[in-house]
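Chemist: Okay, here's what each chain looks like letter by letter:
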Amino acid sequence: MTSRTTATIRLVLGRTVFYGVLTVMGLFMLLPFLWSLSTSLKPNEEIIALPIKWLPGSLTFEHYWSAFTTVPFARHFANSMLLAVAGVATNVLLGALAGYAFARLAFRGNRLLFRLLLASMMVPPVVTLVPSFIIVRSMPLVGGNDITGQGGAGLLNTYWAVILPGAVGAFAVFMMRQFFLALPKDLGEAARVDGCREFRIFWSIYLPLCRPALATLSVFTFVAGWNGFLWPLIVLNDPDMMTIQMSLAAFSYNQKTDYGPLMAGSIVAMVPTLLLFAFGQRYLTRGLAFTGTGSK
Amino acid sequence: MTRTLATGPDIRGPAAGRPRHGRRPERSAPGRHQARAGRAFTAPAMALFLVFTVLPVAGAFGLSFTTYDVLTPPSWAGLANYGRLLEDETFFTTLKNILYYCAMFVPAMIAISLALALALSRRLPGMAIFRTVYFIPVVTSPVAAATVWAWMLNSHYGPINEVLGYFGIPGPAWVGDGSTAMMSIVIVTLWQGVGSNMLIYLAGLQNVPAHLYEAAALDGAGRWRTFLHITWPSLRTTTFFVTTLSLIGAFQLFDQAYVMTKGGPGNTTLTPVYQIYETGFNRLQMGYASAQAFTLFVIIVAVTVINMRVNRDQVPE
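As you go down the protein sequences, you meet chains A and B in turn.
The numbering of the first sequence is this note's numbering, which starts it at 1 and goes up by one.
The numbering of the second sequence is this note's numbering, which starts it at 1 and goes up by one.
The set of hints was computed from the structure by calculation and includes no laboratory data.
Positions of the beta carbon are idealized from the N, C-alpha and C atoms, including for glycine.
One thing to keep in mind: the hints can contain errors.
As the list claims (entries may be wrong) - Reference excerpt, derived from the structure (chain B facing chain A, CB under 7 angstroms, subset only):
| # | residue |
| --- | --- |
| 1 | F41 |
| 2 | A47 |
| 3 | L48 |
| 4 | F52 |
| 5 | A60 |
| 6 | S141 |
| 7 | V148 |
| 8 | W151 |
| 9 | M152 |
| 10 | F281 |
| 11 | R283 |
As the list claims (entries may be wrong) - Derived DEER-like restraints, expressed as beta-carbon distance ranges:
| # | chain 1 | residue 1 | chain 2 | residue 2 | range |
| --- | --- | --- | --- | --- | --- |
| 12 | B | R309 | A | G14 | 38 to 46 angstroms |
| 13 | A | A7 | B | V298 | 55 to 63 angstroms |
| 14 | A | R115 | B | G165 | 53 to 61 angstroms |
| 15 | A | Q150 | B | L50 | 16 to 24 angstroms |
| 16 | A | V271 | B | P73 | 42 to 50 angstroms |
| 17 | B | P73 | A | R108 | 35 to 43 angstroms |
| 18 | A | A7 | B | G165 | 37 to 45 angstroms |
| 19 | B | P170 | A | P56 | 24 to 32 angstroms |
| 20 | A | Q150 | B | A128 | 55 to 63 angstroms |
| 21 | B | Q206 | A | P56 | 39 to 47 angstroms |
| 22 | A | P72 | B | V298 | 39 to 47 angstroms |
| 23 | A | R15 | B | A111 | 18 to 26 angstroms |
Please put together the full structure from these sequences, using the hints given.
Modeler: In structure tokens form, the structure reads like this:
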């Protein structure tokens, strides 16, 4: 055998091992999706069959039906959707406005406020958990509260309890600012010389230029909002107000062995962000690379 | 996942480049308009920031010196909450648990995400598909993922023990056993988190100067030596970033412990955030919960600073 064929064999072997390892890893990453889908479509006796059955022998949708009828799953799905979409709308709008001002408008306190905002990203959310709850509960003049914020439940058990505290993250402002900084200054200067008002410069000239950044921010915010768990768990107690994540957690606590409906519920809770990922993958990964490298 | 640290972005504002002594922009009419617009544009964001971030951070500190059950007004308790904390065995159990978790989770996170990034940075066909597949868990709901994983790790009917059985390995009871429960959570959180750190490492790898690799190849350095002397040192900033993020996230572990184990069996997976949740919102001891949260905050800051020191000491030469 010549050394050349030995080299070829080694290369082919190396590549096979390389792809083999990546594929096994890939299967491991996908297994939870495949397994929960498979379980959710199996009849009960196949779910606890030994040895385990990897694929359903016969398909059934009864577990999806039961997941939606034993708890108001549809209502919880709608709650989550509303909260996540509202979070996207407020973060995109307020984040872009503030980000633009920090990037392009000269006003006193610009740098100080921005640095404060940046520093706040390093405060772990758990620190603000208890006081934020008290603030939401003590909102004056809502939910039966008087002007001093006493007497009622404030914003607890309302959508506002989730929407307001998450309306504009420091991350949204930071990301939009970095993006606006990268856009050419001259566009705005020219419009300003023509007497254009600042809001029109922002709205008609700069905002249309940052669609990719807005898309990235939207995808990020939606995923975070949809998957959020601890905060809604604290401020929403009314069964009608529950998010799908809370609903699933409660379901898994009460029906620990009812794996069919549980997996059906999990699939439903996972689908929206997975769909978004399928269509908006480039925005997500771009945004992540952005946070990772500090970007230019 | 929207909580991130910036590694050296340009934080200079628009005024940064202006001469210090020139006419202040706010004095002229267009300048005044611009300043007014700037304040108006930032006002909603800053108002929310004040109410839901600045105020709570200050409040957390203040509350920790009070006794407060939400129903009656808070009363001053001095250092009583912190005194109680020092004698609270459960609190030390949660700290021990979370350190044990970090000790397994963080090194494994670095090793796996870096290994995946190194593999996928090779210019071979199909890498984009693997990148996508490894990233999918990142966007998956942690609650749903934990629910599914609890079922996957079922000792009788779960696929994990089934596969282990193929290799003749007797699978443990996973979440049902105090000695493996935390390990189960490590597996789930790794599964969920490696994708994003892999992407961060992939971005970091692109910034390693190519001439360093060329020089190493000229010196006849093998793969391992090249990694040790070129790749790993060049990725120091990235590793620091990934370690910091992983640590801060790890210390706030909650969702998986809540869904998979409820802190059990026998408190072996009870985490600090879980205890804060129980103290504050189940027992309505807001003052004591604040003291716990604030102590956890100080510990996170301390760990981050130590991490920074360690990384700085590793600077070659």
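Chemist: Indicate, hint by hint, whether the structure satisfies it.
Modeler: Consistency of the hints with the structure:
1. F41: holds, 4 angstroms
2. A47: This hint is violated: A47 (chain B) lies away from chain A, its Cβ roughly 10 angstroms from the closest one there, beyond 7 angstroms.
3. L48: holds, 5 angstroms
4. F52: holds, 4 angstroms
5. A60: Interface hint status for A60 (chain B): holds (5 angstroms vs cutoff 7 angstroms).
6. S141: Status holds, d = 5 angstroms.
7. V148: holds, 4 angstroms
8. W151: At 6 angstroms from the nearest chain A Cβ, W151 (chain B) passes the 7 angstroms test, so the hint holds.
9. M152: holds, 6 angstroms
10. F281: Hint holds; F281 (chain B) Cβ to chain A Cβ min 6 angstroms, cut 7 angstroms.
11. R283: violated, 12 angstroms
12. B:R309 <-> A:G14: 38 to 46 angstroms: Check passed, 40 angstroms falls within 38 to 46 angstroms.
13. A:A7 <-> B:V298: 55 to 63 angstroms: holds, 58 angstroms
14. A:R115 <-> B:G165: 53 to 61 angstroms: holds, 56 angstroms
15. A:Q150 <-> B:L50: 16 to 24 angstroms: With a Cβ separation near 21 angstroms, Q150 (chain A) and L50 (chain B) satisfy 16 to 24 angstroms, so the hint holds.
16. A:V271 <-> B:P73: 42 to 50 angstroms: holds, 46 angstroms
17. B:P73 <-> A:R108: 35 to 43 angstroms: The hinted range 35 to 43 angstroms holds for P73 (chain B) and R108 (chain A), with Cβ atoms some 38 angstroms apart.
18. A:A7 <-> B:G165: 37 to 45 angstroms: Once the Cβ atoms are compared, 40 angstroms apart, the range 37 to 45 angstroms for G165 (chain B) and A7 (chain A) holds.
19. B:P170 <-> A:P56: 24 to 32 angstroms: At roughly 27 angstroms between Cβ atoms, P56 (chain A) and P170 (chain B) fall inside 24 to 32 angstroms, so the hint holds.
20. A:Q150 <-> B:A128: 55 to 63 angstroms: holds, 57 angstroms
21. B:Q206 <-> A:P56: 39 to 47 angstroms: Given about 44 angstroms between the Cβ atoms, the range holds.
22. A:P72 <-> B:V298: 39 to 47 angstroms: Holds: the Cβ-Cβ distance is about 42 angstroms, inside 39 to 47 angstroms.
23. A:R15 <-> B:A111: 18 to 26 angstroms: About 23 angstroms separates the Cβ atoms of R15 (chain A) and A111 (chain B), which means 18 to 26 angstroms holds.
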